[in-house]
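Protein chains: 6
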Amino acid sequence: MEYLIGQAKTLIEALPYIKSFFGHTIVIKYGGAAMVNEELKGSFALNVVLLKYVGMKPVIIHGGGPQITSIMDRMGKEAKFIAGQRVTDEETIEIVEMVLAGKINKEIVSLVNQAGARAVGLSGVDGRLIEAKRYIPSSGEDMGWVGDITRINPKIIEIMDEQDFIPVIASLGVGEDEHRFNINADLTAGEIAAALNALKLIILTDCRGILADGHNEETLVSTLNIQEAEELIAKGIISGGMIPKIRACQIALCGGTEKTHIIDGRILNSIILELFTDEGIGTQITR
Amino acid sequence: MEYLIGQAKTLIEALPYIKSFFGHTIVIKYGGAAMVNEELKGSFALNVVLLKYVGMKPVIIHGGGPQITSIMDRMGKEAKFIAGQRVTDEETIEIVEMVLAGKINKEIVSLVNQAGARAVGLSGVDGRLIEAKRYIPSSGEDMGWVGDITRINPKIIEIMDEQDFIPVIASLGVGEDEHRFNINADLTAGEIAAALNALKLIILTDCRGILADGHNEETLVSTLNIQEAEELIAKGIISGGMIPKIRACQIALCGGTEKTHIIDGRILNSIILELFTDEGIGTQITR
Amino acid sequence: MEYLIGQAKTLIEALPYIKSFFGHTIVIKYGGAAMVNEELKGSFALNVVLLKYVGMKPVIIHGGGPQITSIMDRMGKEAKFIAGQRVTDEETIEIVEMVLAGKINKEIVSLVNQAGARAVGLSGVDGRLIEAKRYIPSSGEDMGWVGDITRINPKIIEIMDEQDFIPVIASLGVGEDEHRFNINADLTAGEIAAALNALKLIILTDCRGILADGHNEETLVSTLNIQEAEELIAKGIISGGMIPKIRACQIALCGGTEKTHIIDGRILNSIILELFTDEGIGTQITR
Amino acid sequence: MEYLIGQAKTLIEALPYIKSFFGHTIVIKYGGAAMVNEELKGSFALNVVLLKYVGMKPVIIHGGGPQITSIMDRMGKEAKFIAGQRVTDEETIEIVEMVLAGKINKEIVSLVNQAGARAVGLSGVDGRLIEAKRYIPSSGEDMGWVGDITRINPKIIEIMDEQDFIPVIASLGVGEDEHRFNINADLTAGEIAAALNALKLIILTDCRGILADGHNEETLVSTLNIQEAEELIAKGIISGGMIPKIRACQIALCGGTEKTHIIDGRILNSIILELFTDEGIGTQITR
Amino acid sequence: MEYLIGQAKTLIEALPYIKSFFGHTIVIKYGGAAMVNEELKGSFALNVVLLKYVGMKPVIIHGGGPQITSIMDRMGKEAKFIAGQRVTDEETIEIVEMVLAGKINKEIVSLVNQAGARAVGLSGVDGRLIEAKRYIPSSGEDMGWVGDITRINPKIIEIMDEQDFIPVIASLGVGEDEHRFNINADLTAGEIAAALNALKLIILTDCRGILADGHNEETLVSTLNIQEAEELIAKGIISGGMIPKIRACQIALCGGTEKTHIIDGRILNSIILELFTDEGIGTQITR
Amino acid sequence: MEYLIGQAKTLIEALPYIKSFFGHTIVIKYGGAAMVNEELKGSFALNVVLLKYVGMKPVIIHGGGPQITSIMDRMGKEAKFIAGQRVTDEETIEIVEMVLAGKINKEIVSLVNQAGARAVGLSGVDGRLIEAKRYIPSSGEDMGWVGDITRINPKIIEIMDEQDFIPVIASLGVGEDEHRFNINADLTAGEIAAALNALKLIILTDCRGILADGHNEETLVSTLNIQEAEELIAKGIISGGMIPKIRACQIALCGGTEKTHIIDGRILNSIILELFTDEGIGTQITR
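Protein chains in written order, with my numbering: chain P, -15 to 271; chain W, -15 to 271; chain Z, -15 to 271; chain R, -15 to 271; chain E, -15 to 271; chain V, -15 to 271.
Bound conformation, chain P alone (with noise of 0.2 angstroms):
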C-alpha cells in the first residue's frame, strides 16, 4: 500500500509536465545503446508510447552505422571514413538504404507497435520527405553520395500525426533526380525538428551529455546555450561526434524549437527522466 501511494504521488507530480508538453511535437533522434541492448529497447519503445498517450507527439529519427558496416562486411565491401564520414559509393549507398529503410527502420516501427502504439517506417524518399544535393566538404574530397539537407516536406510527418501514428525516419536524403544520399542523422532530427516547429529535439547518446572534462563522466555540464557550445567546440572541449550533435540543437532551435537535450541513453526510461522532472538527466542546450 506503502509502494501504490508512492506511485500515484509520482503521477501527480508529472500533471505539470504533462500539461506543459500536451499537444506538442517532440522529435527524438535515437541511436547508440538505446538501440542495440534489449532492455533498452523495450525502454525507449515504452518511454515513446507514454509519451503519445499523454498528449504529445513524437517523431523518431534514426541512423544506424554499426549495422551499415557489419552488413557491409557480411557482402564483402569494404567501409572507408574519411575525417568520421562514410565514403558512399554507388554500392555503398545501396547497402545505407537497405539497412537503414529496409532492416532498422521496420525493427523500430515494431519495437514500437510492440509497445502499443501504432508507427509507421518512413525514410527520406517516402513523399519526399527530406530533399539533398551532395556535400562537398572543404577538403574537396569525393565523399560519393554523402549529402547536405536541402529542404524537408513535412507533409507526410503531419499526416501520420493528425492520425496517431507514430512517424519512425531513416536519415537518407533524396536528390532532383530521385538519388539517394547518406545523410547524418543527427542533422537530420534538427532539420525535421525545425520544419515541424518542435517543442523539443532530444537526442540520444551513450555518454552522460556534454562534459567539462571529456574523460570524466562526473563534469556533466546541465545547461547551456548556443554561444557557450560554440565556445566549447572552439576551445576542443566539444569534439568529434558531439559536434554534429550541437549543430543539430542549432537548427533546431534557429527553427524556433524551445530546448534541445542530449542525453544519455544507456539508463533506463532516460527520455521521461529528462522530460518529467526539473533537473532532468543530461545537457540541456537553448538559445
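Incorrect hints may have been included.
[What the hints assert, rightly or not] Some residues of chain P that are not near chain V, with every Cβ distance over 10 angstroms (derived): (1) Met82; (2) Leu84; (3) Gly105; (4) Lys117; (5) Glu215; (6) Gly240.
[What the hints assert, rightly or not] With a straight-line cut-off of 27 angstroms between C-alpha atoms, the simulated BS3-like cross-links for lysine-lysine are: (7) W:Lys61 / W:Lys117; (8) E:Lys117 / Z:Lys3; (9) E:Lys61 / R:Lys61; (10) V:Lys3 / E:Lys25; (11) V:Lys3 / P:Lys61; (12) R:Lys64 / R:Lys139; (13) P:Lys(-7) / W:Lys243; (14) E:Lys3 / R:Lys61; (15) E:Lys25 / R:Lys117; (16) P:Lys25 / P:Lys219; (17) W:Lys61 / P:Lys3; (18) Z:Lys139 / Z:Lys243; (19) P:Lys219 / V:Lys61; (20) P:Lys3 / W:Lys25.
I should point out that these hints are in silico values taken from the structure, not numbers from a laboratory.
Idealized CB from N, CA, C, for every residue including glycine.
With chain P fixed as given, assemble chains W, Z, R, E and V onto it according to the hints.
Just chains W, Z, R, E and V now, with coordinates in the frame of chain P:
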C-alpha cells in the same frame, strides 16, 4: 537519482491503464470528507485534471447535504428528514438550489480550475440536463420537492467534453413546468454514467468500500457482482446510505458502464489509486 | 380576419430589422422590474427566444442586488454600502455568489427554457469566463471583494452560441487565485459585448432611458453619442446608477459594438420594441 | 406607441409557429393571380424571404400556362388542349421551355432577390432535377411531349439550401435522351415536396380553397383528409384544375410531408396568414 | 493492336498537360459554328466533360445572337443594330432573356448532361451573378438595355464547382433594380475568368484565330502578347467582332488568368487540341 | 495536324473508361520484367501516375524474389526452395525484409515520384498493415517464416489515398509478436484488393495471360470466370506460379472486387492498354 528512476518506472507502469481508459468517459460522484478536507480537496482536483490530460473524459457529480443543512440553520429554517431523506418544501428547495448550484458547484469548478484544467459548472436546469418528476415513497408520505429522474439530456455534457471543459454537475432535477427537484446525487451519477455510456462510475465515500462486517474496516470486499450486492442488501450487511450507491452502480451497469467503484475518499489520490493499480483500493462492482 | 391581416403585415414590416440583425450577437443586461414582475419576466423570456429563432445570438447578463440583500437579511448579515457600492467582506462574497449563481441565474435559465429555447447558466468562474482583480476606489477605502474586470475568456460563450444554447451569465469575477469578486453587472455586460464583438448592447432599466430632466419622464433623449453623454455626466444630468450604464456603453462601443441601448424594462416586449422599430422606445447611444 | 405595442405582441404571437417550422423545408407552388398582380407579386416575395430569415427553407415551383399561350400567339402558333392539357408538339415544347425557364423563372428569381434574399433559378434539366417519361392518357390520344415524373434528383436543391440560396424551379422534365417534357406544375410541387421530405406543401390558387359548394366562396372547407378529398372528387364537388392539386397533396403526404395547404393567392400575405395563424385562410389537407 | 499501342502512348503524352492544369478553372466562351453544327456540338460537350474528369473545373459562357434574331423574326419584331451592337428596347430584352436563359442555356446544359457530366444552367440574375449598369456608347446614342458589367458575384459558380456540377452561364446582367441587361458574351467570359482567377480563358470563334492577313487563313499568328494585340488593333488588322474577344482576353489576363486562347470552333475537339498539345491550334494571348 | 487530331480523338475515346473508373481503387501487383527493364519501369510509373491524375486510386503491391536471391548470394547464404516456395529461416527473413522494404520498395517509390506523383513506401509492419501467422504446408514440412495473411488493417492505405499519396506496399506480414513473415505477393495483392473493396486487381506477369496451350502464346484466353479457372487448374492447364495469381483473383472477387486482370508486363503501357480498351490485352477473370 534513485528516486527519479523510481518515478520514471512508475509512469511506465501506469501506461497499460492509461491505454485502456484512453478516450473514455469516467463519471465521478464527489462527496464526503474529500469535499471538506483541504488536502483531500486539492488531491481530488489534481486527480481529475490528470485523468483529463492522459486522455480520459472525467465528469463530476456532487450533492451537498451538510452544507444545505448548515445554510438552512443560518436562515432559521429547520431541516426535517424521513427515512434519511430530506423533506423538501418550497422554501427548502430554493435553499437547496442556491447552495448546490451557487455555492458548492462553483467551489468545485474553482478547485479544478486551480489544478490546471478548465471546468464548467452545470445543474439539472441547464440545457434541461436532468428531467425529473415527483418522488412518491412507498409509505405514501409527502416528501415535497424530492424527485425521481425521468430523463437525462446529455448534449450539454458532450459539448463540454468535445471542447475540453470538465463538467461539474449539481444534482438537481427539473420538472416539466421547470420546477426544481432535490435528487439523490448517487443516483444522478448512476443515471449520467448510463446516459453517457461511461466506461467507469467511481463513487467516493467515507469508508473503505463495502465491508463484510460493517464494524470492521479490515473486512473490505474487493470485488462483487450486482447479484452478490443484492444478497448483501437482503442480509442487511449493506444498509443505510450505501444502498443508493449500490443502486447507482446498478443503473450505470445496466446502461452499459463496464465497471463501478465505491472507494474511500479519505485517502489521498484515491481515484488514481483505484484506476492505476490492479488491486485498487475499494470495492469494485461488476455485472 | 382584419386582425390576422394586420398581424401578417406586422411580420413583413419586421423583415428589414430581422435581416440586418441576422447572425449577430445581442448582449442584454437584465435587471430591475423586468426581473421581478411575473408578466414582465415572461415577456422578457419570450423576447429573448424570439431573437434566437429569427437568427440572432442573444447573451444575457444579470446581477441581483435586492435579492442579495434580502438573503443577507435572512442570514442575519447586515449589508453595508459606500458610495452606492456594496462593501463585500468574505462572508458577503459567499452569499453574493450563492444568490447570483445559484438562485437568480438558474431562475433565469428556467424562464428562458420555459419560453421554448435551451439556456445554460454560467458565472465568471466557469471556464474562467470573467477574470478580475481587486477594485481600489479613489477614496482608498477598503471595499473588500469588489473587483475590476481584467479579461474576458469568451470561448465558453461562443460554444454555447454555436450549439444554440442561450448563455445566461451571473456577474461574478474570478481572481488569479480563483477567489471570487463582486462585479457591477452593467460593466460586465459592456465588457462581454466588447469581447464578443456584439452588434448591440441592450440595458434594461426602471426608467424610460436618459432624461434631459431627471424628474420628468417626458424629457427622454432618444439618441446621443458618447461625447454628449460625457457632457451630461459632467453637468450632473446623468448621475447615480445611470453612470455605470453609460460606462458599459462606452466599453462596448470602444470594443466594436455598433449601437447601445438603455431601455425601459417596465414595458412589455421592450426589447422587441427597441429592436424592431425605427424610433425605438429608449435612449440609443452611439460612438 | 399603441401601434408599436400591438406590433411587438404580434411578433411574440408568431413565435410558436416559427419554432415549430424552424429548419424545415416548405415547398410552395406559385401561380395564378399572385404571379400576375404587381402588389401580390411583391407580397409573395416578401413572404418567401421572411420564411427564409426565420429559419425555414422555402422552395418555389412554378408553371406558366397563360404566358406560354400568349407567346405562342405572338409566334403565330395555335395552342391546342385536350381535356385541359396542352397538346405539346416539338415546336410547342421549345416555346414552353423558353417561356418557363427563360422568362417566368428569371422574373421570379428577380422578384425574390429584390425582396432581399438570393434566389437561383433551375429547371428540370439542371442537374437532371426532374426526370420524366412520356405521358399516355387513358384515352390513348397522342399528347406529344407531355410527361410523367419518374424520378427527382434533389441534390442540386439541397446544395442551394445549405448555401442559403432560395431555389426557384420551372416545371419541366427531362427524358433519358435529354428531350424535355411539359409537366403539370402542381404535380411537380407534390413530387418535390415528397423527395425533400418537406414539412409542408403550399399551393396558391385563385379561389379560397376547396369549396363544399363550388359556386359559393362562403362554403370553404377548412380541413379535410385525403380520403375525404377522394370522396369529394368522386361526388364531382372537386373537379377540373383542382384535381391535380389534390393529387399533388396526396403525393406529398405519401412522401412524408406533414400537411398540405391549398390557399387563396389573391390575398396579400396569404402564405404568412396560412402559416402563422391557427385557423389559416385556406384548406388544409392531411393524411 | 498497333492502333491500341498508339492510343496508350497518346494518353501518356497527355499526362504533363493534365498535371499542369489539374485543379484549375478553365473558362470557355462557347459560340459560333460549334453551337450550331450537330457533330461540333457533341464534340464540344465531350471535350468539356473530359476536362472535368481529368481534374479541371470547366465553366461555360454563352451568348446567342443569331437565335435571338430568329425568334424576334418569328414574333414580328425587327432587330436593329448600331455599330454591330443590338439596340435593346424593353420588348427586345425580354426576348433576349427568354432565348438566352430559356432556350440556348438549357440546350447546352442538356448537351453536357448527355455527354456524361452534370451541368446546371445559370444567368446573371441567379444569385445576382452578373451585376451591370447601362452602357453609354461614346457616340451618345441610346442603345437601350445594353449593359456594362460592374461586378461578378462568383459564389454560385464556386458552389457548383465544389459539388462537381458544370456551370453553364447565359450572358445577361442584372441592374440594381433587378432589370436585365444585354451583355457581350465575350466580355462576360473575360470578367468571369478574372473573378474566378481562372488558369485559362478559351474563346471559340469561326476563324482559325488572329490572322496577320485577315483574308488569308494561312497567316495565323500563333502567339502574341497584349501590347502586340493592341498594335494590331491600332493598325486595323484586328477589327470587328474580334475586338471584344481581345478585350475579354485583356480583362482575364489583368485579373490573374495565365493564358488566353482564341481558337477555331469549327474543328472537332478544338479545346483538347489547344490544351493538350504544345503548339495548340489557335492564337494564344499572354501578358 | 493529322497526328494531333488523332490524339484528341484518342483522349475522347478514353472518356467512357475514365468515367467508369473515377474515384475507384485499382490494386496493381507489380513484378517480373516490368520491375527490371528500364523502359518498362518508366512506362509502369507513368501509367500509375496517369491513373492517379484521371481520378483513380492506384495501390501498388510488390514482392522481389530474384533480388532477394541475389543479395543472399552476395551475403554467402544459400537459397532453398520447397515446391517453389522459399524456405525462410531466421537469417533469410531478415534479408527478405531488408531487400523488399529497404531496397525494392524505395526504388519503386522513387520511380513513381520521378513520374510526377508522390508515393509513400509501406510494408506489412507499418501500422500493422498485414497481419499473418505461420504457414503450414499440407506436406507438414517446416517452411520457416513463411506466412498466411490473417488480417489486413487498411487504415494507413486509406489515409495515403485521401491525401493523394500513392501507397507502395512490400509484401511482408507481421505476427502477433511482431515477427515478420515472408508472404506471397500475389496473395497479398488479392487480400488488399478485397480489404479496400477495390474495383479492379491487375497482376503483371511475364506471359500474355492465361493460355489454353501453355506453350503457345497465341492461345490467350481473353476472359473466364472463377469456375472456369478452377477447371483449368484441375486439368493442369493453369499451373506453377500462375496458381497463386488465380487464388489472388479469387480472394479479390470474393471480397467485392468487380474484375481482376492478369496481363503481360512485358508490353509498354500494359496497364493503360488493359484499362482503356474494350478488348484489353490479357486475361480478365470475373465471378
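Hint by hint, here is what the structure shows:
Separation of Met82 of chain P from chain V is inadequate, the least Cβ-Cβ distance of about 4 angstroms not exceeding the 10 angstroms criterion. At the 10 angstroms boundary, the C-beta of Leu84 of chain P falls inside the reach of chain V, the nearest C-beta of that chain being 7 angstroms off. Against chain V, the non-interface label of Gly105 of chain P is violated: not every CB pair exceeds 10 angstroms, the least being about 5 angstroms. Its beta-carbon lying about 16 angstroms from the closest one in chain V, Lys117 of chain P satisfies the requirement of being farther than 10 angstroms from that chain.
With a least CB separation of 41 angstroms from chain V, Glu215 of chain P remains clear of the 10 angstroms interface cut-off, as annotated. Residue placement check: Gly240 of chain P keeps its beta carbon more than 10 angstroms from all beta carbons of chain V (closest about 24 angstroms). Pair hint Lys61 of chain W plus Lys117 of chain W holds up; C-alpha atoms about 25 angstroms apart against a cutoff of 27 angstroms. Only pairs whose Cα atoms come within 27 angstroms are accepted, and Lys117 of chain E paired with Lys3 of chain Z is accepted, the gap being roughly 26 angstroms.
Taking the CA atoms of Lys61 of chain E and Lys61 of chain R, the gap is near 16 angstroms; set against the 27 angstroms cutoff, the hint holds. Taking the CA atoms of Lys3 of chain V and Lys25 of chain E, the gap is about 20 angstroms. The hint holds against a cut of 27 angstroms. Taking the CA atoms of Lys3 of chain V and Lys61 of chain P, the gap is near 53 angstroms; set against the 27 angstroms cutoff, the hint is violated. Pair hint Lys64 of chain R plus Lys139 of chain R does not hold up; C-alpha atoms about 35 angstroms apart against a cutoff of 27 angstroms.
Distance check on the hinted pair: Lys(-7) of chain P and Lys243 of chain W sit about 24 angstroms apart at the alpha-carbon level, within 27 angstroms; holds. Of the pairs offered as hints, the one joining Lys3 of chain E and Lys61 of chain R is violated, with about 53 angstroms between alpha carbons and a cut-off of 27 angstroms exceeded. Of the pairs offered as hints, the one joining Lys25 of chain E and Lys117 of chain R holds, with about 25 angstroms between alpha carbons and a cut-off of 27 angstroms not exceeded. The straight-line distance between the Cα atoms of Lys25 of chain P and Lys219 of chain P is roughly 35 angstroms, outside the 27 angstroms bound, and the hint therefore fails.
For a cut-off of 27 angstroms, the pair hint linking Lys61 of chain W to Lys3 of chain P is broken: about 46 angstroms separates their Cα positions. Between Lys139 of chain Z and Lys243 of chain Z the alpha-carbon distance is near 23 angstroms, which keeps this suggested pair within the 27 angstroms criterion. For the given pair, Lys219 of chain P sits about 50 angstroms from Lys61 of chain V by alpha-carbon distance, which is inconsistent with the 27 angstroms threshold. For the given pair, Lys3 of chain P sits about 20 angstroms from Lys25 of chain W by alpha-carbon distance, which is consistent with the 27 angstroms threshold.
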